[in-house]
Amino acid sequence: MISVLAGIAVGIALALPLASAYALFGLGIVVIHRASRVLNLAHGAIATLPAYLLYSLSPRIGIPAAVLLSLFAGGLLGVAVERLVVRRLRRVSQTAQTVGTVAVFALLVAVMGKVWGTNLLPGVSLVPHQAFRVGQALMFTEDLALIAASILGSLVFFGLFKFTHFGLAMRLAADNRQAASLMGIDPDRTTAQAWFLAGVFAALGGVLLAGESGLHPYLLPLQMLPAFVAALLGGLDSAFGVVLGALVVGVAIGIVPSLGSIGQQPGMPQVALTALALVVMARRGVRLQAGDVRSSLA
Amino acid sequence: MTVGTRVATPPLVNWSSLRRYRATPLRLLLLAALLAWPWVPGLPVAYVNDASTAFEYALVAVSLVLLTGWVGQISLAQGAFVGVAGFTTSLVFNHLGIRFPFSLPAAVAASAAVAVMLGVVALRVRGLYLAVATLIFGWMADRFLFAASWFVGIGGSAQVQTPLIGMPGTLTVFDLYDGRVFYWVALAALGLGILLASNLRDSKSGRAFAAVKGSEVAAASLGIDVTRYKLLAFAISGGLAGLAGNLQITGQGSAVPDEYNFLSSLFFLSVAVVGGLTSLRGAIAAGLLFAALNEVFFRVTSLNGYIDIVSAMLLLVVLLAYPGGLAAAGARVQGLSRSLLRRRQEPGGELPTPREAAAGLAVTPGHQVAAPPPIATDRATAEAILEAEEITIRFGGLTAVDSVSLRVNRGEIVGLIGPNGAGKTTLFNAVAGLNQPAAGRVKLYGRDVTNLPVHERAALGVGRTFQLIQLFPEQTVFENLLTATHLANRTGFLQHALLTTRALHTEADVRDRVHEVVAELGMEALLQRRVAGLPFGVLRTVELARALVTGAKFVMLDEPASGLDNAETENLAQRLLRLRADLGLTILLIEHDVPMVTSVSDYIYVINRGRLLAEGTAEAVQRNEDVVLAYLGVPTSAMGVPA
Numbered sequence: 000m001i002s003v004l005a006g007i008a009v010g011i012a013l014a015l016p017l018a019s020a021y022a023l024f025g026l027g028i029v030v031i032h033r034a035s036r037v038l039n040l041a042h043g044a045i046a047t048l049p050a051y052l053l054y055s056l057s058p059r060i061g062i063p064a065a066v067l068l069s070l071f072a073g074g075l076l077g078v079a080v081e082r083l084v085v086r087r088l089r090r091v092s093q094t095a096q097t098v099g100t101v102a103v104f105a106l107l108v109a110v111m112g113k114v115w116g117t118n119l120l121p122g123v124s125l126v127p128h129q130a131f132r133v134g135q136a137l138m139f140t141e142d143l144a145l146i147a148a149s150i151l152g153s154l155v156f157f158g159l160f161k162f163t164h165f166g167l168a169m170r171l172a173a174d175n176r177q178a179a180s181l182m183g184i185d186p187d188r189t190t191a192q193a194w195f196l197a198g199v200f201a202a203l204g205g206v207l208l209a210g211e212s213g214l215h216p217y218l219l220p221l222q223m224l225p226a227f228v229a230a231l232l233g234g235l236d237s238a239f240g241v242v243l244g245a246l247v248v249g250v251a252i253g254i255v256p257s258l259g260s261i262g263q264q265p266g267m268p269q270v271a272l273t274a275l276a277l278v279v280m281a282r283r284g285v286r287l288q289a290g291d292v293r294s295s296l297a
Numbered sequence: 000m001t002v003g004t005r006v007a008t009p010p011l012v013n014w015s016s017l018r019r020y021r022a023t024p025l026r027l028l029l030l031a032a033l034l035a036w037p038w039v040p041g042l043p044v045a046y047v048n049d050a051s052t053a054f055e056y057a058l059v060a061v062s063l064v065l066l067t068g069w070v071g072q073i074s075l076a077q078g079a080f081v082g083v084a085g086f087t088t089s090l091v092f093n094h095l096g097i098r099f100p101f102s103l104p105a106a107v108a109a110s111a112a113v114a115v116m117l118g119v120v121a122l123r124v125r126g127l128y129l130a131v132a133t134l135i136f137g138w139m140a141d142r143f144l145f146a147a148s149w150f151v152g153i154g155g156s157a158q159v160q161t162p163l164i165g166m167p168g169t170l171t172v173f174d175l176y177d178g179r180v181f182y183w184v185a186l187a188a189l190g191l192g193i194l195l196a197s198n199l200r201d202s203k204s205g206r207a208f209a210a211v212k213g214s215e216v217a218a219a220s221l222g223i224d225v226t227r228y229k230l231l232a233f234a235i236s237g238g239l240a241g242l243a244g245n246l247q248i249t250g251q252g253s254a255v256p257d258e259y260n261f262l263s264s265l266f267f268l269s270v271a272v273v274g275g276l277t278s279l280r281g282a283i284a285a286g287l288l289f290a291a292l293n294e295v296f297f298r299v300t301s302l303n304g305y306i307d308i309v310s311a312m313l314l315l316v317v318l319l320a321y322p323g324g325l326a327a328a329g330a331r332v333q334g335l336s337r338s339l340l341r342r343r344q345e346p347g348g349e350l351p352t353p354r355e356a357a358a359g360l361a362v363t364p365g366h367q368v369a370a371p372p373p374i375a376t377d378r379a380t381a382e383a384i385l386e387a388e389e390i391t392i393r394f395g396g397l398t399a400v401d402s403v404s405l406r407v408n409r410g411e412i413v414g415l416i417g418p419n420g421a422g423k424t425t426l427f428n429a430v431a432g433l434n435q436p437a438a439g440r441v442k443l444y445g446r447d448v449t450n451l452p453v454h455e456r457a458a459l460g461v462g463r464t465f466q467l468i469q470l471f472p473e474q475t476v477f478e479n480l481l482t483a484t485h486l487a488n489r490t491g492f493l494q495h496a497l498l499t500t501r502a503l504h505t506e507a508d509v510r511d512r513v514h515e516v517v518a519e520l521g522m523e524a525l526l527q528r529r530v531a532g533l534p535f536g537v538l539r540t541v542e543l544a545r546a547l548v549t550g551a552k553f554v555m556l557d558e559p560a561s562g563l564d565n566a567e568t569e570n571l572a573q574r575l576l577r578l579r580a581d582l583g584l585t586i587l588l589i590e591h592d593v594p595m596v597t598s599v600s601d602y603i604y605v606i607n608r609g610r611l612l613a614e615g616t617a618e619a620v621q622r623n624e625d626v627v628l629a630y631l632g633v634p635t636s637a638m639g640v641p642a
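Protein chains in written order, with numbering that gives the first Met the number 0: chain A, 0 to 297; chain B, 0 to 642.
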């Protein structure tokens, strides 16, 4: 019994860095959804490119400058995706916008594969590599960096939503651009800010995650798929929800393998999370409702 | 349906839905070229295999066209469906010794079943949430299903033995190791998939799919079981993807899980989108294009490694600059060649302007409206069509409708009026099944329907229109009306897929039914017009016509006069009276336009702030002091009237 509990504790401790990365990605997904009503499937690729940039730039200009440049590049990348693809497809349909982000994902992944190759490259660690024990779990300084970054990131988000009109402006810009303009909000600028912020957060997550698990053009972006689960659990619109969701996802991935032999089968955490996601979605109501009547000729 | 004017002898069977199978010279040539491709002298066998791959891509693209293009359900897990079928094929081979083609039913059934599981999710979520759900599902398949050694084989690679079909040494032997033989098998499979899909598209099932995509609420109001058609679409789509998966592993002889990961789902989505996402021809063209690109980028050394970049760019360009994809490009070329060859004009190419078309809708002023059936002196004993008993509807803490009762008897026109926000539409939706009352009962045609879903209420013979018009904007008026024949058409999807004689005859019958309503309303000139862009008043009439085509004898109209000018409103009033006389309709209408309601209604209910304020004949209600006050906006409590 005690060994099971200890196993769970170790699992949670080891899962926290991953949960932190999911939180950083998930916050970006949520902000983008709030600002553009789009599911940004390119988010993983937007996170990976800055990590590659850091890899290439740091030997030349040093790590601190390279980190700043990469994060900035992540933000710009976000703005570019919004300006060049998502915004242009706004008039077509939400599906087209989603597929547009798929296209960006495919393009970025292909370009990274061509430029840096498809071998696993060592990521750049931002902190001196050092191992230490937390209880029975062996952790590294990189883990702590991820956790710290996600806590900091979440605080920045809550601060923005709590103490500025940014969150409200974003929602207004997404739902009614004309009304936003009348209120003195520049919807284009608000949207760009949201995507920039999301890009920076994605870049931060990508850079830190690459420092742990290395750089790969496909595998690193795919590693952040669970962030979408986190965003879904949180309701796609809530910053607090997505951080909580990331914690749930991370912990599930961490502890399911310590729950006996079934839990050790490959993919069991994914099965558990899918089931959880289904339950959460099932609570959103089944029947057609009066609220489903929307103007089809707008 | 008894109708005043009959259409002049319609053709017994309308074979127009068969027309696409006419053997034109161009099509025969194309078919011959496809069949002969493996026999082109000196053709490397790689090119034959490429074509087989193209057919597999096209099949998966067709499965996405059906699901995403036609039914509007986005899927980011199509690669997982293909994989499930592929590994099921190897599973039944390795454990049961079942080979192709006998492994095909198992593979198709497995992927269809998995797709239906995802379809169950789609019943509950829509739009972006569905996209996330399919993404999660694909991720789970990737990490769990395709990582399980019982499913994908030990060592992460599944093997199947490609069989020899028939007796060696005789004429009837098919050696699937031979790329040419496999080519024909793949071609036949694609042909089958296309035939199935295109038969479905122009049938009752296809229209139900389009209706689900256009507006689920409108679909349900026409009697379409949205749940059933969503699941059906997922099953067919999963089955088609499964067909491709079965072929793929049979042709390759083995498969590894990485072929079916998230990236493969994105790839298949790209193929479908580049094809145009709604077009079967586009899906085929895109399948060929991507297979050809693969070969070219593999052969030309200087291009090696750029294939992924070019495919992604292609997808972006199609999305941003050419949203119709290859299908639209093809249509353009066709149009161009047509105009160059100075072919005859398409029949019906000249459409009337909306104004001209709408002119036919006016009810002739001199038309004699038959006297309405006398209203029973005691309404409570007459035959009731609708009885809403003490309906209460709450949204959270807000009581929108508070214990309101309504009764509509056969042959009556009943008005439901009240100021903005009185709860009229909320009550209306409770009758239609879109709001679940917290208390009270709804009875239609004497049957308690309080717990019936929307489409089952529609099936009892209830039609409705919406305040926010819920037509399918991309379709023509005729297609919109044809969708409403869903309930009258008793054929099932297998009959549509196989295009049975019965399906064709029924199709002809329901088209006649549309023409009857069209004649009644004088809409002939409008039929081939696309709904988007029609004037507002015309849209209201089209929506009314759609409700009538369902065959409903009880029609509920939600603010039919809003947005109409005076002449149109007068016209509407005349029309309602005439419809009652001609078709024996019973009508419940919500309206703001009090003069219009009082001019047509036999009985009127007035509600305010969710409560019944008054009821009675038009004269009685107009004299009612509470009603006058409510409409003047003076709070009743301030006037000493109990609220």
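A couple of the hints might just be wrong.
Residues from chain B shown here face chain A by an in silico Cβ test under 10 Å; the list is partial [said to hold, decoys possible]:
#	residue
1	L28
2	W36
3	H94
4	L95
5	G137
6	M139
7	A140
8	R142
9	L262
10	A311
11	M312
12	L314
13	H591
Cβ-Cβ distance ranges computed for the label pairs, FRET-style [as the list claims (entries may be wrong)]:
#	chain 1	residue 1	chain 2	residue 2	range
14	A	L119	B	L340	50 to 60 Å
15	B	R610	A	G262	53 to 63 Å
16	A	S55	B	V295	26 to 36 Å
17	B	V299	A	P121	26 to 36 Å
18	B	G190	A	L137	52 to 62 Å
Keep in mind the hints are simulated off the structure, nothing from the lab.
C-beta: ideal position from N, C-alpha, C; glycine also.
To see whether the hints hold, each was checked on the structure:
no.: 1; hint: L28; result: violated (34 Å)
no.: 2; hint: W36; result: violated (30 Å)
no.: 3; hint: H94; result: violated (20 Å)
no.: 4; hint: L95; result: violated (24 Å)
no.: 5; hint: G137; result: holds (9 Å)
no.: 6; hint: M139; result: holds (4 Å)
no.: 7; hint: A140; result: holds (9 Å)
no.: 8; hint: R142; result: holds (4 Å)
no.: 9; hint: L262; result: holds (7 Å)
no.: 10; hint: A311; result: holds (4 Å)
no.: 11; hint: M312; result: holds (7 Å)
no.: 12; hint: L314; result: holds (4 Å)
no.: 13; hint: H591; result: violated (18 Å)
no.: 14; hint: L119(A) to L340(B): 50 to 60 Å; result: holds (58 Å)
no.: 15; hint: R610(B) to G262(A): 53 to 63 Å; result: holds (57 Å)
no.: 16; hint: S55(A) to V295(B): 26 to 36 Å; result: holds (30 Å)
no.: 17; hint: V299(B) to P121(A): 26 to 36 Å; result: holds (33 Å)
no.: 18; hint: G190(B) to L137(A): 52 to 62 Å; result: holds (59 Å)
Comparing the model with each numbered hint stated earlier shows that hints 1, 2, 3, 4, 13 do not hold.
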